[in-house]
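Undergrad: Residues per chain are reported as follows:
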Amino acid sequence: MNIVVEGSEDYGNEIYAELFERILIDLGLTNRVEGAKLLIYPEKHLFVVSVRMRRARQALKIPEMADLSERDGATYIAIRNESYAPPLLALLWKLFGRERIEQLSRLEILAHGIPISRLENLELNPGEELRKEVLDAIWRLLPEGFKVRRNLIADDVMTVISTEHEMQDEFMKIGEALHREMVQGLNLETEKRSYLGEDEMDV
Amino acid sequence: MRWMYEVLMFDGGVYRVNELYELVEDIGGFIIQKTQIQVMITVTMAIPSEDRGAIEAKARELGGKLVEVPLAGTEIVVVGPTLGRHHMPHPICDIAEHLRRYGAITVVMGLARGKGRQTAQISADEKAFIEEFDAAVFVLGNFADCIVKDKIRLFEKIEIPVAVVCGPEIPSLPFCEALVTGVGRKVERMRRAEEIAKLEETARAVQKIIQQKRKEIEEDPLFVHPAEVKQRIETLDYVKESLRPAPIVLHLDGLRVKVPYDKAREDICNLDVFDRKLCDIATITPSRLGGSTLIKIMTKSQVETRTTLSLN
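Quick note, the sequences are listed as chains A and B, same order.
Numbering-wise, the first sequence is residues 1 to 203 according to my numbering.
Numbering-wise, the second sequence is residues 1 to 312 according to my numbering.
Don't read these hints as lab results, they were simulated from the structure.
The beta carbon of each residue, even a glycine, is placed where N, CA and C say it ideally should be.
There may be inaccurate statements among the hints.
Output of the computed footprint for chain A on chain B, the stretches with three or more beta carbons under 8 Å from beta carbons of chain A [claimed, not checked]:
1) 77-84
2) 139-145
3) 163-170
According to the in silico footprint, chain B covers these stretches of chain A (three or more CB under 8 Å from chain B) [said to hold, decoys possible]:
4) 18-27
5) 41-55
6) 108-116
7) 132-145
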């Protein structure tokens, strides 16, 4: 994982690269994030974080990970792959409520009053989960006062542009340029280019 | 010279420790705090400087050791811009904990609206609360531009000594008495050797500003040392019954008593201190720290002026 920081203060750049790495370690995301680029210009009130994630597992339908059968008006779900158990349970609780979803054991779930036909086409999307976790990491990193934020989200890249007051067009353009290049596969090991241009770097 | 006290901590066993208490009383000193853990005990005491030799000899005889606690008898507030996870608990709590090792009582505080740059602010109430302490440590972030241009507003008008701890190397900063750089924002405890060195540096900086404040007080000494007042307040029943940790906290120029002002005002006021009522030689006010009373002892010259005026 490579974290590249571009900004106007060397000390802050170094510390923020370390901070982001620590936050990703704390959240257990180091293996799921390929790299990140940060633009930090405190004097312009601009902080941009762009993160490229590794490909998450493909979306799966419930019958691909569990056996479904009918039992006295309820659907009995026997999970085959344990790693899907927590997200599946969370999804069912969210959709049908805790009263109707009973967890019988580690790998068995009973869905009261829910026919198989309603469960067959449900999808678990681990990519969505990863995006939420990465967004949480970015929010932990961004300065607390930079509350005006815009998110740019692609399949495997997430960019957050933040500032303290109103979001300016210039900031959006900078963020969008970075986001585009991250999507196109910006090489974080060799990347040195400034997004604000030489003149503005001296602010 | 009633006020020339030195604060030391005895670290040893409980066996014959009463002899130490008696000696401290005989030489005119005071016990500030006792913390007993099974058969071990630490005793913080204020003793007249010239009798230090006698206390050292007694500590040796009892098989304990004497530790310098340069911040004993002070209460220090460590302030962060907010209580959010961006600023708390690290490194603010590490700094507060390290200052405790030098004898200070510390309080950690987060401002309500201290986040951001231009939006960072401190309220009059927060400022008044901070000014009840002997010194304040402001812990700020990683960007020099942000600290120099905006965050200085947070401590600009604070009227007690301020030490600022921040990340970037800034040669100097206005409105503060001490500056420690190289700490900044962290998401984990300060455990590495270089981080502990920074904590030490912070403690030294705070000691320096406390020392300076002590010198200023010595120029126009207090009528009575706060430890002497503490000894009298301890006799009050509801202070004895108080379950709050450290019900009486010493300040350089007074005390904080953790009993409600309305309840305690009269009794505290009528305490006898060298044939005077306490309220004649100190100002007693409610503290902004909930359910507490603040006592500020007047200087000798203030008491004399007051006495002269009342005689006329």
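Undergrad: Determine for every hint whether it applies to the structure shown.
TA: Now the hints, each set against the structure:
no., hint, in the structure
1, 77-84, "holds (count 3)"
2, 139-145, "holds (count 5)"
3, 163-170, "holds (count 3)"
4, 18-27, "holds (count 4)"
5, 41-55, "holds (count 3)"
6, 108-116, "violated (count 0)"
7, 132-145, "holds (count 4)"
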